[in-house]
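First to last, the sequence lines map onto chains A and B. Mapping of the first sequence onto my numbering: position 108 corresponds to residue 108, and the numbering continues sequentially without gaps. To get my numbering, take the position in the second sequence, counting from 1, and add 1000.
Some hints here could point you the wrong way.
[To be verified] Here are the in silico distance ranges between beta carbons for each label pair:
no., chain 1, residue 1, chain 2, residue 2, range
1, A, A20, B, I1109, 39 to 49 Å
2, B, P1013, A, G49, 13 to 23 Å
3, A, Q95, B, A1062, 20 to 30 Å
4, B, D1092, A, A96, 50 to 60 Å
5, A, D86, B, P1013, 30 to 40 Å
6, B, Q1016, A, A96, 45 to 55 Å
Treat the hints as calculated values from the structure; they're not laboratory data. The structure displayed is predicted, hence computed values, not measured ones. For each residue, glycine too, the CB sits at the ideal point set by N, CA and C.
2 protein chains.
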Amino acid sequence: MLGRLNHVAIAVPDLQAAAAVYRDTLGARVSAAQALPEHGVTVVFIDTGNTKIELLEPLGEASPITAFLEKNPSGGMHHVCYEVDDILAARDRLQASGARVLGDGNPRIGAHGKPVLFLHPKDFLGTLVELEQA
Amino acid sequence: MLGRLNHVAIAVPDLQAAAAVYRDTLGARVSAAQALPEHGVTVVFIDTGNTKIELLEPLGEASPITAFLEKNPSGGMHHVCYEVDDILAARDRLQASGARVLGDGNPRIGAHGKPVLFLHPKDFLGTLVELEQA
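Can you make the complete structure from the sequences, with help from the hints?
Okay, structure coming up:
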């Protein structure tokens, strides 16, 4: 079921400063910033060749990463995203095994325009897991 | 400078239980466990096709992940590892920019038999970063 690692998301308090760390200090390829108001974040993508790092800064009043940054004011690894071929089949299999899918259990359209789900960190080794239909 | 994402490491309190989550619940390809006493961890590798997830369990009295697991008893994302072509050139560039290299600043041989360094999380968005010479 589990496919490629689509990305690792790192929440940051200051996206321009964070992008500069990856671009200038680490010498990485960093995209321009994109505001995604429907997801409550502004994001830059770092292309590592085989996968992506996404740096996320809160956008708006109800950003889903605000609480995380209150606990981790310098930033930190927020979630990993794995690709699956069929997100509804993956959801059904996971729920049948007792794993908790966040929200109402229905996929929504993620930052890449594809259906995504998030899984409860307590069921996945303290790690917030996103699944994205590839 | 920054190359491929070599792996994401997740620290876990119980490696067999964690391997079962990835193998049975998520349907991933999970290796047999390998004890790495010189690194203070036992590890399993998950092959996602494009990169690896490493699940780490403490091994021995002075494991480098014990303190992390005391703060995160369910487990959690511990570090990311990026490949570089020349680890000494990377270290020199990073130190010249003011970034802190952990330990005595000299590479040691990592879990894959290649030279590695760790960078201070406070200089990299709250994320512990490993560099591995590819």
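Checked hints:
no., hint, result
1, A20(A) <-> I1109(B): 39 to 49 Å, "violated (32 Å)"
2, P1013(B) <-> G49(A): 13 to 23 Å, "violated (33 Å)"
3, Q95(A) <-> A1062(B): 20 to 30 Å, "violated (41 Å)"
4, D1092(B) <-> A96(A): 50 to 60 Å, "holds (53 Å)"
5, D86(A) <-> P1013(B): 30 to 40 Å, "holds (32 Å)"
6, Q1016(B) <-> A96(A): 45 to 55 Å, "violated (22 Å)"
Hints 1, 2, 3 and 6, counting from the list given before, are not met by this structure.
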